[in-house]
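Read off the chains here:
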Amino acid sequence: MESGSTDPAGAVPAGAAPAVAFRNITKRFGAVTACDRVDLELHRGRIHGILGENGAGKSTLMKMLIGLVLPDEGSIRIDGESRAIHSPLAAANLGIGMVHQHFSLVDALTVWENVALGEAGRLDPGAIRNRIGEIAEQYGLVIDPDARVGELTAGLRQRVEIIKCLRRDPNIVIFDEPTSVLTPEESVQLFASLRQVVADEGRAVVLVSHKLDEVLHATDDISIMRQGQVVDRLLAAEADAPTLARGMVGREVSLRSERAALGVLSVDEANGFDDTPIAPTTGSTATSASDGRRPVLSITNASLRGSGGTPALQDLSLDLHAGEIVGVAGVEGNGQRELGDLLSSLLSLDSGSVSIDGTRVPDGRSGAMARAGIGVIPEDRHDSGIVLDMTLAENLVLVDQSAVAQRGVLDRRSLDRFARAMIDEFAIQCAGPDAPMWSLSGGNQQRVVLARELAQNPKVLIAAQPTRGLDVGAIEYMGERLEAAAEAGVAVLLISSELEEILDLSHRIVVMHSGRIVGEMTRSEVDLEQLGLLMGGAA
Amino acid sequence: MTATAPTTPTPTPAAARAPRQGGRAGEWFLLYGLSTLGALVLSALLVEATGGDWRPVVNALLDGSLRKPGRWGETLGTAAPLLIVAVGTIISGKAGLINIGQEGQLFVGAAFATYFGFLIGGPGPLNVVLILIFGAIGGGLWAGVAALLKFWRNVPEVLSTLLLVTVGGQLVAYGLSQPWLLLAPLADRGNRNQVSTQLAEDNRLPRPEIFGNEVPLAAVIAVALAIIVSLVLARTVWGFRLRMLGRNPRAAQRSGVGQTRYGAAALMLSGAFAGLAGAAMLAGGGFSFGNYQLVPGFATNIGWTGLLVALVAREKALVAIPVAFIFAGLRTGSSFVGATGVEGRITDVIQGFLVLALLIPPAVMFLRDRRRARAAATERV
Chain A
578 MESGSTDPAG AVPAGAAPAV AFRNITKRFG AVTACDRVDL ELHRGRIHGI LGENGAGKST
638 LMKMLIGLVL PDEGSIRIDG ESRAIHSPLA AANLGIGMVH QHFSLVDALT VWENVALGEA
698 GRLDPGAIRN RIGEIAEQYG LVIDPDARVG ELTAGLRQRV EIIKCLRRDP NIVIFDEPTS
758 VLTPEESVQL FASLRQVVAD EGRAVVLVSH KLDEVLHATD DISIMRQGQV VDRLLAAEAD
818 APTLARGMVG REVSLRSERA ALGVLSVDEA NGFDDTPIAP TTGSTATSAS DGRRPVLSIT
878 NASLRGSGGT PALQDLSLDL HAGEIVGVAG VEGNGQRELG DLLSSLLSLD SGSVSIDGTR
938 VPDGRSGAMA RAGIGVIPED RHDSGIVLDM TLAENLVLVD QSAVAQRGVL DRRSLDRFAR
998 AMIDEFAIQC AGPDAPMWSL SGGNQQRVVL ARELAQNPKV LIAAQPTRGL DVGAIEYMGE
1058 RLEAAAEAGV AVLLISSELE EILDLSHRIV VMHSGRIVGE MTRSEVDLEQ LGLLMGGAA
Chain B
942 MTATAPTTPT PTPAAARAPR QGGRAGEWFL LYGLSTLGAL VLSALLVEAT GGDWRPVVNA
1002 LLDGSLRKPG RWGETLGTAA PLLIVAVGTI ISGKAGLINI GQEGQLFVGA AFATYFGFLI
1062 GGPGPLNVVL ILIFGAIGGG LWAGVAALLK FWRNVPEVLS TLLLVTVGGQ LVAYGLSQPW
1122 LLLAPLADRG NRNQVSTQLA EDNRLPRPEI FGNEVPLAAV IAVALAIIVS LVLARTVWGF
1182 RLRMLGRNPR AAQRSGVGQT RYGAAALMLS GAFAGLAGAA MLAGGGFSFG NYQLVPGFAT
1242 NIGWTGLLVA LVAREKALVA IPVAFIFAGL RTGSSFVGAT GVEGRITDVI QGFLVLALLI
1302 PPAVMFLRDR RRARAAATER V
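From first to last, the protein sequence lines stand for chains A and B.
Residue 1050 in my numbering is what sits at position 473 of the first sequence, and the numbering runs on without skipping anything.
Residue 1091 in my numbering is what sits at position 150 of the second sequence, and the numbering runs on without skipping anything.
Since the hints were derived computationally from the structure, they do not count as laboratory data.
By construction, the Cβ of each residue, glycine as well, lies at the ideal position given by its N, Cα and C atoms.
Hints are not guaranteed to be accurate.
So the derived label-pair ranges between C-beta atoms look like this [what the hints assert, rightly or not]:
| no. | chain 1 | residue 1 | chain 2 | residue 2 | range |
| --- | --- | --- | --- | --- | --- |
| 1 | A | Gln804 | B | Leu981 | 45 to 55 Å |
| 2 | A | Arg994 | B | Pro1149 | 42 to 52 Å |
| 3 | B | Leu981 | A | Gly883 | 52 to 62 Å |
| 4 | A | Asp977 | B | Val1096 | 44 to 54 Å |
| 5 | A | Gln804 | B | Leu971 | 35 to 45 Å |
The shape of chain A in the complex, shown without the other chains (with noise of 0.2 Å):
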């Protein structure tokens, strides 16, 4: 790229005046103080990574950066000189970019419609495509130009992303957890190049994140933030995973949600610096209990085609039994988000069908999934999961307000008890009952959802990606609930990209590529390369 252009500064080695530096910086929401006296510099041609858990301050930090929160004490540098920067336009004057962790695409655009909105001035299709196919070859980040961004995944709506930020070609580039959506393979490809790019073009690189993995292999500098402090500073290269974990949560965490958090890069890599074996859980009687017995959850030959015409599911079957947890593993996009949309009663079959006790379950008709006992904890929760604009009370009894009901009208004091003792059980953080959705964290919405799935004591429960984007501690929680759940008689379904909670919580493990079930293990006889090969569709 041609920064040396727009950033006379670039060849500056790291050591000059910070491109960026927080001074002293504090910002409070209320009662809570997201943000404490932070200090915090970043240089050119270095990757930092930011480690912390949810609401550890990172984001708000962030959002600092890039004019989307101003501090309430304090003072931003860049490159030596004292900025207030007002909003997202000033910032990106400043040369400062961000990746965001939510997507803002329009869906019914095209991919260089996404990327050229907010220019200025008069279109040029022909040099935005070609800008597109630049940065694509440059970063490694291959997309086609006039694909509709709606029928893309979530990988691929994180390149766009990316390639919008860049394409704007900024000094200073923040990444939000870039990897919560991507698969691993383009999780090492994406640090591949981000590196090199770094190093070569001079620009300041955050990686904000809580995968340990992923700050221990990829950034320069680390800094550790907890409870809107940074606790630590180290350099990647005298850091190990155990110190950073410790340093995040400020206690020893269990050996395994350690390793969830850990997050993998590949499966190799993952095998090689985790020097704990991949023990098997309680696997054994879940082996025994798929012999011979009736299933609960039954998918029968199921196929849908996707909105591009493509095959989602192709010739789906699989057979789910009480008490056992199912791994769904593979690359993301091979209709594991199909899948689950089709067990939310959201999409309808081509042909094939699923039943829950031998009965079958109309596919697409509204609420006949939940009806039958399945349970879901959606992959993005703010599509199906919960409606942001309800409160937290309401939105424990989206599917079934029987409880909380009498002849129709709903009893308020009930609801409230219901609540609150939801609240208690399952340790949601907020300002009661009656608080708005939206008002919780993204950890704490996560749990309304489960406490709702888990209070309608579901025959089936399908956890898709559950812990994504949640801490260690959540991460941990949530393991230990769907083993519960299993423990309990219920049939679990989890479908996920991290391979390590397949790994972990899993009895039964099958693997999806192109909408199809390619291949089936139990716990104890796991070949992880095996299960590479299989998840790339190569075996």
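Put chain B on the given structure of chain A with help from the hints.
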């Protein structure tokens, strides 16, 4: 949070919002006061500019809507159908559907009421109830056409409801030209065309006289409906599910709130309310709404104005009660304005100013919050 925040509301700690809202109630009140005053001053300037004097105009408005004998009863009579239309609009709005065809649904409803009212006949009080019911059925069916198009063929209800206003108007006009449908027998209509038979005395909604004003029963019905709908939306499972559908259709689909079933019900109910308003106008009569008979142009903008009432009340059925009364007052008051030498229709402009005035405060609050945050930040750096 600024305008550039992503479409999904960024979760902020709940504590950040709660304490601020209490202190802001006063500011909201002040803003509404100021913007309303602004609208009135603008209206006064407009009156002056057109060669009138604002004082007599204000007096005429108050005389016409409240002070002169019988006028507040008249205003109540106008407010009743406005409120009924608005309440219906709120129902469909809660379900996330935009019905803007009330004017047509009201007219079709009134036509149904007229036709079946005469077809069935029957003893007085019972027939009044039947007339109201058939009005609701007519309006509901007319909105049902839009619902059918939406849930069967995916036609946006904004378009279909609006366009059906014209179609409905033409259909009723045809009915009014046919003796076997709505047209009154020659003996009853003299030499007038396109007019229905007048409702018999005992087929009309009573208007008992209190303090020299005729208080129309329709107004009591309207207020009762507003209260009932407000309760149903907030307290019942059905209302809960309707709100869920409006706020997140996919979560609703998963939870058993079928868009087709609940959405169509909400849209048809909304039309039914408009149709009921039409029937109430027909059976309620009064100065504003003709003579207990159906004529072309019977709806006289009550549907459109009722839509505005719902808009200004911001989907709150109880708030719609005073708003409907204010809009009704402008309407009844305007008939007195003509006597001051100022064009009576100036009240339409005043009404427009008022709608804007009531929609401005939320926008102002939003902008000011942002400016304050920026100014505070500039000071610090």
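In this structure, is the beta-carbon distance linking Leu981/B and Gly883/A contained in 52 to 62 Å? Because 58 Å falls inside the window, the suggested range holds.
I want to verify a distance hint. Is the separation of the beta carbons of Arg994/A and Pro1149/B within 42 to 52 Å? Hint holds: Cβ distance 46 Å, inside 42 to 52 Å.
Is the gap between the beta carbons of Gln804/A and Leu981/B within 45 to 55 Å? At roughly 53 Å between Cβ atoms, Leu981/B and Gln804/A fall inside 45 to 55 Å, so the hint holds.
Could you tell me whether the CB distance from Gln804/A to Leu971/B stays inside 35 to 45 Å? 39 Å, holds
Is 44 to 54 Å a correct range for the gap between the Cβ atoms of Asp977/A and Val1096/B? 33 Å, violated
Violation of the numbered hints given earlier is confined to hint 4; every other hint is satisfied by the structure.
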